[in-house]
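Mind docking chain U on chain E? Use the hints.
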Amino acid sequence: MPWQRHFKSKRVKEETILKNKYTREFLREEKKGYLFVLPALIFMLAFVGYPIIYNLILSFKDVNVMTFSKSVKPFIGLKNYIEIFKDPTMKTSIWNTFIFTIGSISIQFVIGLALALFLNLKFKLAEPIRGLMVVSYLIPMTVTALLFKFMYSTSGGIINELLMKVHIISKPIGWIISGNTSMLSVILTNSWVGIPFNMLLLTTGLSNISFTLYEAAQVDGASAIQRFFRITLPELKPAILSVLVLGFIYTFKVFDLVFVMTNGGPVNSTELMSTFAYKLSFTQFSFSRGATVANVLFAILFCVSLGYLGLIKDEEVIG
Amino acid sequence: MKKRVFNNKQKNIILCTMAVIIACIMLFPIYWIVVSSFKTNAEIFSSPPTFIPKVFTISSYTEQFVGKDSIVIAFFNSVKIATCSMVLACLLAVPAGYGLARFKMRGRKVFIIAFLVTQMLPVTLILTPMFLVYKNLHLLDSAFAPIISDATISVPFVVLILRTYFLALPKELEDAAKIDGCNTFTAFTRIMLPISYPGIIMTAAFSFLFAWGDLAYSLTFLSTPAKRTMTAGIYNFMGKYGIQWNKIMAYGVLLVLPVVLIFIFLQKYIIGGLTNGSVKG
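Protein sequences, first through last, are from chains E and U. Quick note on the working numbering: the first sequence kicks off at 41 and runs consecutively. Quick note on the working numbering: the second sequence kicks off at 8 and runs consecutively.
Some, not all, of what chain E presents toward chain U, calculated at C-beta under 8 Å:
1. GLU69
2. GLU70
3. GLY73
4. ALA80
5. LEU81
6. ILE92
7. PHE163
8. LEU165
9. SER176
10. LEU178
11. MET181
12. GLY196
13. ASP296
14. VAL300
15. ALA334
Derived from the structure by calculation, the hints contain no laboratory data. Quick reminder that beta carbons are idealized off the backbone N, C-alpha and C, glycines included.
The following block holds chain E by itself, in its conformation from the complex:
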C-alpha cells in the first residue's frame, strides 16, 4: 500500500535525523575529549614514541663517535644485530637478565606472600607495620644500591661481620667483588626493594576473598593447610598472576641498581642487557650497538607486556 510505504519512509527519515543528531553530539563530545587528551598524547609521542622509532633506525645504521658528526650515516641493515649476537657478552647479558629476573621475582614473591598472609591476621600492629615496610620501596635506587654495597663490603660490611659472628663463615666473603656471589648479591638487594610491592598487591588480593568461604571450610572441618591450598591460593590466582607478570616487567628492565652496585662486573658476571646497552652507548660511544641491545631488551619486554594486557583485558581496566 502506498500510504504504508510513505509511513515507512517517514520513519526511516526520522531515524536518520535522530542518528545524525546523535553523531553530531558524539562528534562534539569527541572533540572536547581530544582537547583534554591531546597535549599529553603529543608529548608522549614526541618524547617516547619518536625515540623508539629513532632507536630502531639507529640500530640499522652505523652511528658511533667517528660517524656522528657526518650528516649522512650509512644504512647497514641487520649487521648490528648479527654482530651483537656473535658477541659473547651479549649472550652472557641475556642469560644474566633472565637469571636476575627469575631469581628476584621468586624471592620477593615468596617473602611478599608470606608477609601478606602474616599481616592479614587480625592483630593490633598489622596495619602500621605494613605501612612502615613500604618505605624501602620509596628509597631512591641509587641510595639502596650504595647502602647494600656498603653492607656487602669485605671490610666493615655488616653482613660479613654478622655471618662471621655466628660462625657460618670464617673469613669475609667478597659478595659483590667475586664473580660467584655477585649475582646472588644483586638479586637479594633487588628482592629487598620488591618485597613491599609484592606484599601490598597480594594483601589487596587477600582482602577481596570472601570470609564466608573460610567459615564454610571450617564447618566442613578443613585444616589450615587445606584452607590455604583449596581456598586462599585459587582465590588469589588473579592477584598472583598480575604480581608475577608486573614483577617480571619491572625487574627485567632494572638498570640503576646494578649500574651503581657492580656496573656489570666483576668480569660481566652481573652484566644485564640494560647495563650492557648503556656501556655500549655511553662508554664506548657506539650508539648503534647500544640501540641494538636496547631493542632486543624492548622486544622481549613488549611481548611480555602484550601478554599482560591480554591477561587484564577482561577486567574493567580498559573499558
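Frame of chain E, contents of chain U only:
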C-alpha cells in the same frame, strides 16, 4: 569464655612480637644507613661492628656543606628538576586522565593501552636516542633534558591513576555544574579538580619522587658538575671518595630525607596509590 579471651590476648602479643621482629629485620638496612652516617671513619671499619655509635659525630654531614661540590647546589638542582618535572607531568596528564574517563571518543582504548605500555618501557631504551635528540636540539647539559625525560615516566602513571579516580566520581556533579552555567572546561577546573585533590596530590607526589630518584637521565644528560642532581652527586661521590662510607651514608640520608618527609605527610594517599596503580595497571 574467660579463658578464650585470655588466649586471644596472648595470641595478639605473640603475633605483635613476631611482627616487630620481622619489621626490624626488614628495616635494618634503613637503621644502618642512619647509624653509619654518625660514626667516625675508624669506627665504620671496627670489628665487631657497633650498633650504636661510640663516638657520635656529625662531621660527615657538616663536611657535605662546605667546599666546591657542596651538597646545597645539588640539592637545589634536584628540587628544581623534580618540581618542574612534576608540574609539567601534572599539567599534561591531569586533563588527559579526565578526558579518557569522561568522554567517548574513537581510539580511546588505543590511547589507554599506549599509556599502559609506555609505563613498562626500560629507561635504557629512551636513553640513547634522546641523548642524540637533545644533542641536536642543544638541550644537552641543560635542566630541560632531565625534566622532560622524567616527565615521560610520570605522565602515563598520572593519566592511568587519575582516570580510574575520575571514573569513580559521580557524573551528576558535572551535570549539576552545567545546569548552573558552567561549560565543560569550567566544570572541570571549578568542580572536578577541587573534589579530586586527594588523587592529584598523590599522583603529584609520585611524579616528584620518580624524578627525585632518577639517576640515569641526570647522569647521562648533564655533564657539568654544578648542574647535577643529588643522585648523580652521590654516584660521583662514591667514585671520588671510594670507601668513606660514613660520608656516603650521610649523603644518602640527606637524599632520602625529603622522600621520608613526603611519605610521612602524605602517607594515607601514597599507600592507596601504590595498590591502586599497580593492580589496575
